[in-house]
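Work out the full structure, taking the sequences as your base and the hints as a guide.
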Amino acid sequence: MIFYKNNSDKTEKPRKGRIFLFVLCAALIAFGIWSAKNTILHKKDSLKENLSQAVTGEEGKVTTITKASLEKVFEINELSTADYIYNAVARAYGEDGASVKYYVAYEGKVKAGIDFGKLDISIHEEEKHITIKLPHIEFQEQTVDPGTLKYIFKDRDSQREDIHQEAFELCEKDLKERLLQEKDLKEQAKKNAQAVVQGLVEPWVKQIDSAYSITVE
Amino acid sequence: MSMKQMITKILVLALLCGLFTPFWGCGKDKTQTEIPIETEESQRQLKAPSPDISQIRSICELATLECYYHNVAISTKEKGQGLSHIGEKDREFWIEYSGVAKLGINMAKVSMEIQNKDIVITIPKAQLLGLSDYTFSPDSYISEDDGINKNPITPENQTQAVAWAQEDIRQQFSKDDAMLMRAQERAKSLIENYIQQLSEIWETDYQITWVYEDNAS
Chain A
0 MIFYKNNSDK TEKPRKGRIF LFVLCAALIA FGIWSAKNTI LHKKDSLKEN LSQAVTGEEG
60 KVTTITKASL EKVFEINELS TADYIYNAVA RAYGEDGASV KYYVAYEGKV KAGIDFGKLD
120 ISIHEEEKHI TIKLPHIEFQ EQTVDPGTLK YIFKDRDSQR EDIHQEAFEL CEKDLKERLL
180 QEKDLKEQAK KNAQAVVQGL VEPWVKQIDS AYSITVE
Chain B
0 MSMKQMITKI LVLALLCGLF TPFWGCGKDK TQTEIPIETE ESQRQLKAPS PDISQIRSIC
60 ELATLECYYH NVAISTKEKG QGLSHIGEKD REFWIEYSGV AKLGINMAKV SMEIQNKDIV
120 ITIPKAQLLG LSDYTFSPDS YISEDDGINK NPITPENQTQ AVAWAQEDIR QQFSKDDAML
180 MRAQERAKSL IENYIQQLSE IWETDYQITW VYEDNAS
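Line by line, the protein sequences give chains A and B. When the letters of the first sequence are read in order and numbered with numbering that gives the first Met the number 0, they come out as residues 0 to 216. When the letters of the second sequence are read in order and numbered with numbering that gives the first Met the number 0, they come out as residues 0 to 216.
Straight-line distance between alpha carbons at most 25 Å, and here's what the computed DSS-like set of lysine-lysine pairs gives: (1) B:K187 x B:K101; (2) B:K187 x A:K190; (3) B:K124 x A:K110; (4) A:K71 x A:K190; (5) A:K190 x A:K205; (6) B:K124 x A:K190; (7) A:K182 x B:K101; (8) B:K124 x A:K108; (9) B:K78 x A:K153; (10) A:K149 x B:K78; (11) A:K36 x B:K8; (12) A:K108 x A:K149; (13) B:K187 x A:K189; (14) A:K108 x A:K190; (15) A:K185 x A:K117.
Quick caveat, the hints were computed from the structure, so don't treat them as lab data.
Next up, the structure:
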């Protein structure tokens, strides 16, 4: 009995081991096949995706040029004006209003330009056209340097020591009156303002969409 | 081949299949995602147009300040010497005239280097680029009274006086550091605005480094 029992244990053990190994192998093979299939499927999808991307490409970035984006550009206020040299001669007239008592030459400076806040911007999207209308040129500052006055006297009685203050006021008045009629300076200031407005808008707008045209008037 | 050896081989094969196939698949997948598509950020950088030197040069042209000036040429004709000039006196005479001076950056000396988001712009100092022809103002000529003996101021004297005054204006603009600095700042502001707009549109944070070149070099 004892011998039989021993014999039966020896044949039962390898059989159980083989079954266990077989199941393990089958499980590993199944796992391997499943993984391989998954990888192939994934690769296939990825390939399909890449192919589709290559054929259809990708939508370009949509950039819209808006009035707000253009207005924001004009926050750089220091570019709106420029300084101009204005040296001139003022005339002091006698009581008759025709005869000149003396001439006084002065050195002046004028700050002229536009108010960027008054720009009229319109975008015509269909025509791809931007129109920017400039406001009138404004003389924002005009100064006479009191230390630069020089005189030519025609009436000797005018040649007084206290003439300086009177002459300085005359020069300030003269500069103001001249600027009211000054066309060349206004024209030049407008050209400079046009160039700055164009410089603030045109380079980047053209780079985003070269079809756009810009008029600054 | 014994059963045990066969089982061991199958086991090893299954192990290899099961273990390496998924990793091989993952490995391939990883390299695929790394290659061209990369991140959204880098894709944006690839597509975003970078600042263009030709645009920067055209900005410099637009930044050129056409500076109208009004000036007074102040000259003195000294009394002559010799018998025929007895009784003459020195005579001061003034002539009012106006013109246009061009102040700006020499475009040819502007350069730019871009490395990713870093932009190095080399810019020369602003300089006087030229003076236009001048025009005389109405009633532009004023002179001191003559002495007993005439000391006439000839047209040649007047032309010479204005030529000297023009040279003085040239020197004045060439040496007016404040005005030249403003002209350079004007160009810089316009360039910075251009790059800023591109930065905002393409969501790329460009960093500008300015290098100032001496005009003499």
